[in-house]
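S.K.: Order-wise, the sequence lines are chains A and B.
Under our numbering, the first residue of the first sequence is numbered 1, with each subsequent residue one higher.
Under our numbering, the first residue of the second sequence is numbered 1001, with each subsequent residue one higher.
Honestly, the hints are just simulated from the structure, not real lab data.
A couple of the hints might just be wrong.
Stated by the list, open to error - Simulated crosslink set (SDA-like; lysine to any residue; CA at most 20 Å straight-line): (1) B/Lys1147 with A/Pro36; (2) B/Lys1147 with A/Gly154; (3) B/Lys1072 with B/Pro1353; (4) B/Lys1107 with A/Ala37; (5) B/Lys1174 with B/Leu1208; (6) B/Lys1147 with A/Tyr89; (7) B/Lys1107 with A/Glu149; (8) B/Lys1177 with B/Ala1229; (9) B/Lys1107 with A/Val292; (10) B/Lys1147 with A/Ile88; (11) B/Lys1107 with A/Gly40; (12) B/Lys1107 with A/Ile88; (13) B/Lys1107 with A/Tyr89; (14) B/Lys1107 with A/Gly170; (15) B/Lys1174 with B/Met1256; (16) B/Lys1174 with B/Asn1257; (17) B/Lys1336 with B/Gly1074; (18) B/Lys1231 with B/Gln1253; (19) B/Lys1107 with A/Pro36; (20) B/Lys1147 with B/Ser1128; (21) B/Lys1147 with A/Ala144; (22) B/Lys1147 with A/Glu149.
Predicted model only: the values in this text are computed from it and were never measured.
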Amino acid sequence: MSASIETKPAAAQGSARMLVAAGIWVLLLLVPLWLPALGGYTDLATRALIYAIAASGLNLVLGYTGGLSFGHAAYFGLGAYGAGLCLIYIAPSLPLAILAGTVLGGIAGILVGPMAMKRKGIYFAMITIAFGQMFYFIAVRWNALTGGEDGLTGFSRVPLHLGGHAIHMGPVRFYYLVLALFAVVMLVLWQILRSPLGHSFVAVRENTTRLRFLGVAVDKQIWVAFAISTFITALAGALNALLTGFASPDNLGWQLSGSFVVICVLGGMRSYWGPFLGAIIFIVAQDYLSSVTQNWMSFIGLIFVLAVLFFPQGLLGFIKGRARS
Amino acid sequence: MVFKNTASLNRRGLLKAGAAASASSLILPEVSWAQSESPVKIGNIDPRTGTYAALGENQIRGATMAVDEINKKGGILGRPVQLLVEDSQGLPGPAVSKAQKMVSQDKVDFLMGSVNSAVSASLAQFSSQHNLLYIDTGGHADPITGKNCTWNTFRTCSTTWLETAADFDLLYQKFGKKWFFITPDYAFGHSLHDDYVAQLTKAGGVSLGNALAPLGTTDFSSYLIQARAAKPDVLICLQAGDDLVNVLKQAVQFGMNTQMTIAGAQQELEVLEALPPAARLGWWTFEWYWNQPGVPHLEEFVAAHKAKYNGKVPTARTWFGYASAHAIALAANQAKSLDALKVVRALEGLVLPPEVALQPGKCYYRAEDHQMIANMFPGNVPNGATYPNLFNVAQTVPSGTIAKSPAEAGCKLVYPS
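Okay, chain A solo, but in the shape it has when bound:
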């Protein structure tokens, strides 16, 4: 399977891709206009974008570097707690809260990375789960700081101060803030993936042994990929805390980690837009199905099973395969 990033596209293919990307961005910019007409609401789109950011971060490790991280919710949750604690204890500032959450989760990722990177395959997966659960139990037990299993409440989206103007963050404005950060994340990922660093991540996935023979410090590459990915996932967590107005231990739990993996697999782990597509499907399906039936989780599971059976490259991989043939 050639990942989109590796193929040297012909000029025609390249312009088609530009067109698709431009279409996606236009649709995203106009969400508050068309989504309510389809029976959706702006916060739903915001949540889908936040999950897209988190899953895109995870996908740097999962899809591009080939590391099965099943504990990424830990960094999402740390981002959420970081943002909340910053708003409560440090300063009521939106940018500072987002920064605090991102840095908290990212630093945890930098620290966990060296311990996880030495393990391969299933052991890597296990150790990432273990670290995830460790952070989960810290959040549950450290009552005085985190509010225990009741979660951290008592903060809200404070207005954004720009050049002396206080901009109140209603649902639509917050959506655009999240969209802007999503764009930044996608741009950063794009730059990384087309750089030598990004190519080395893919090389780690494709042939670790050969890379070692070539004298590349494979462990370090994994560490770097892991660290970048946790920063991005933590950013999503911080935004999620601002969206819901609280952080809770289930932001750190293994179920959420599992959801992120499902999102990546559903959309397509080898595709740049895969996690984005997966997040939209997952969030919309969850929102709609859980209102219709209490067995909605069975349907999400069914969608996942069908996706793995029939679109092992994810939905986007399947579409691309069809387009190519």
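The hints should help you fit chain B onto chain A, whose structure is shown.
M.R.: Then chain B, alone, in the frame of chain A:
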């Protein structure tokens, strides 16, 4: 399985005006709503999946029955009432997502629901940010009507403090002053333990020890051996769910139920029903019970519930949902408005009429902290108990005599100007 999502008015049917008119005239024989009448919407967020699904389902049933009755009696301000139900999974994240959906998409007028405190706290915060009345039906943590109380949040179930205060006197006077505790090692367990110990020390009793068992403990033998060695009069087990099943079963295997009194704080009919017969024992507190001889309207309510839900009896959770939905309608009709602040003012001090209260005495939302003051029902599980006679009420304790005052609870309400 499709949700029985609404009460008498089907949600999707309502969107199609014609269908709505025929549906409502079928189900509501006494009042026929004009086709143009848009419904007043109550958003009910309760767990339908996850650990608390059984409890959530009963709260939904109670609210559904209430909305049916409200519609038969003329609705709210002459408009039909529609109950929208969403699944919180018992988690604050999904609960707030559902609240966002209900506010922006369904445009609900009021919010109610929740079984556990984490969800209640997040919904209370959410609804105060959105100027919405919220009734916490079943989340017990003290701060919700205590130090974190808000002008727009009311609570129908009791507080954590009431859960222990209700049966303390009974246990202390009946069984003795030497107590031993087996406490689940997390915040909620600790606060129950601390509340009991505070009352025990004040009364002159003594705590012989407190064994902290992690959540999810399956083998309680070491804790039970510790407890037996201490020779207490009363063994307090503060576990819930599967942990409670395990500790009770093993206590029976150890024969401890014959050596001391096994007791605890609040207990639910749903939990006792799920327990294996061997573990159905002990002294606990109920917050409402279906069998209270001599209470007016109760028999009709129980009969109506049995007819509607396969012969099942209503539980405390059913009553929470029932009373909360009725309270919203009563207050809105009294305020002659759907405005959150006006309805809040009408709810403050609102006394539930006997057909809603379904228990003796005066049941009302205290104006100073928005806490429902009703009754607590300490008692025991009789030997060889079978559904639905799983509990034997020993006393009916008016909550007003044991509740912390609003000042003690630390509540100061701040209203929007």
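S.K.: Output the indices of the hints that this structure fails to meet, ascending.
M.R.: 1, 7, 12, 13
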